[in-house]
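*Asks:* Single-letter residue listing:
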Amino acid sequence: MGSLLKKVSFNGFMLLIGLMMIIPFVFMISASLKAPADVFINPLNIIPDEIYTFNYETLFNHDYYFKWYWNSIRVVILTVVFRGAFVTMAAYAFARLEFKGKELLFLLLLSAMMIPQDTTIVARFLLYGIMGLNNTQWAIILPATFDVFFIFLLRQFFMGIPKDLSEAAIIDGASHFGIYFKIMIPLSIPVLITMTLFTFIWTWNDFVNPFIFISDIDKQLVTVGLEYFQLEAGQNYALQMAGSCLIVLIPMALFAFLQKYFIEGITMTGVKG
Amino acid sequence: MKSTTINSKRSLLEKIRLLPYQEKGAAAIFILPFMIGFLLLNIFPIIYSFVISFMDYNTLKPLSEVSFIGFQNYFRIMDDPIALSAFVKSFQYTLVYVPGVMIFGFLLALLLNRTFALRGIARTMILMPYVANVVAVALIWSILLNPTNGPVNQFLSLLGVENLPLWLVGVDTALPTIALINVWQSLAFQTIVFLAAIQGVDKSLYEAAVIDGANKWQKIFHVTLPSISPTTFFLLVTSIIGSFQNYATVRMLTNGGPGNASRVISLNIYEEAFALNHYSYASAQAIVLFLIVLVLTIIQWKGQKRWVHY
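Chains as they are written, first to last, in full-length UniProt numbering: chain A, 1 to 273; chain B, 1 to 310.
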């Protein structure tokens, strides 16, 4: 009896911690369904007396909101494709091929990862300007393509694939391209899902890069777009909350279903790091 | 003569065709595309940051009119009370943020390591803030923490608290409040890594400790913590580096205010560069920030012998 009570109270305790973590989002959803004037009247009243949908109607009629949505999705897709190609190839070389200076090169890549992004933002802005990337979405996509974190992640994964498989393929006359396309890539689907998920979440939530590199409002991505949207909505917090809801809930839903891949990804780079 | 050129041509094509079959050739093909892009877009800017920090690129002008001025931008930081205070604010922020994510991350990992019925759902809830958009998060918290009519203070006054905190608009509370909001948001990362490390601890060590009569707390302090020290070290280093990159949240939550109470160095760098076009001066501040982070990392690297057991 005592142990049952202990179990129930521990579950209750953990649920309480979980609720404390998500209560701001509960409040966000609740406020987005209230009339603007009601947001502050009784904020502890989580379920509104009357569901007010006008905020969402305003949102759906907004000139740019869904344009930003589409822009972000496009940037995510292009980043995943480019990253997928360049990073997996380099990771294959680091995991499976012997060449001069490999250790040193890998160490250099890792130390570059330790440099805070803010250190180079001015230089990147000036250089990408010279390269003609500024105010295009390529200023987001291309630098993100050559990302060391994912080399590290994929190398770790590739090293775990049994060597016998590729050795047998070499005896059968396969080239390294053959091994890469026919053995490594098909076996790497889980880690590629992890990569896609990370890319989605990080690109979707990135503020600094689109803010610095993209100036036209119709080329903008969701995070900076949301800031414009908030400024436009002014004191209308209910509308701001509705705008936030549709941007926050997408990665959350995705994450809830694909959590496993996310946790594996962090674990793989974190613990062995 | 002619046949030899054809031969050498053919052998060149043959060599290219055979490249993917040879280890070195394949390595070059696999790695060069990445390295070229990486050098051009990510390494070159690092070098360029150093170069412009020694220039007088502090107004909008063509690059051809820019010239080197030695260490002047660096000397200027010494006489700039706002920049100096911004460095101090960043340290103060780190002092709240890093212990926050490390301690709460470890505690949550310990709790999630136990088996209980609602484990999956509790874990999902705990991890949620990590994937939320920073602009939305900033908006939600600034409404929640509104000192006069925000829900948090309304709740506190229901509980009978009299001196309600000013949170983001108070001179003394703004910076720690931002740090705690960031703890809440990024905690999931530390929690997951700690959890994986705790799950990897050799079970026989706990059994041995129990035989020696260790209680719950002694097991945590004498078995768990020493066993996961490499992970703790990794998290400490990355959390400190991460704690200096807080431009987005600070900008959204307070924009450095009230006054300059929460003007951290990353905000100062962005303002100098993109609001005032002081590109060289901003780069000099960024390089100083980089050197500080580097020194902190080296100190930790040297210090790990004392407490990290591999």
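Hints were generated in silico from the structure; no laboratory data involved.
Some hints here could point you the wrong way.
Said to hold, decoys possible - Calculated lysine to aspartate or glutamate pairs in the EDC-like style (CA-CA distance at most 16 Å, straight line):
{"no.": "1", "chain 1": "A", "residue 1": "K100", "chain 2": "B", "residue 2": "D202"}
{"no.": "2", "chain 1": "A", "residue 1": "K67", "chain 2": "A", "residue 2": "D38"}
{"no.": "3", "chain 1": "B", "residue 1": "K24", "chain 2": "A", "residue 2": "D164"}
{"no.": "4", "chain 1": "B", "residue 1": "K24", "chain 2": "A", "residue 2": "E103"}
{"no.": "5", "chain 1": "A", "residue 1": "K102", "chain 2": "B", "residue 2": "D202"}
{"no.": "6", "chain 1": "A", "residue 1": "K67", "chain 2": "A", "residue 2": "E167"}
{"no.": "7", "chain 1": "A", "residue 1": "K163", "chain 2": "A", "residue 2": "E98"}
{"no.": "8", "chain 1": "A", "residue 1": "K219", "chain 2": "A", "residue 2": "E98"}
{"no.": "9", "chain 1": "A", "residue 1": "K182", "chain 2": "A", "residue 2": "E167"}
{"no.": "10", "chain 1": "A", "residue 1": "K163", "chain 2": "B", "residue 2": "D202"}
{"no.": "11", "chain 1": "B", "residue 1": "K61", "chain 2": "B", "residue 2": "D80"}
*Asks:* Can you give the numbers of the hints that this structure goes against, from lowest to highest?
*Replies:* Numbers 1, 2, 3, 5, 6, 8, 10 and 11 - these are the hints that the structure violates, sorted from lowest upward.
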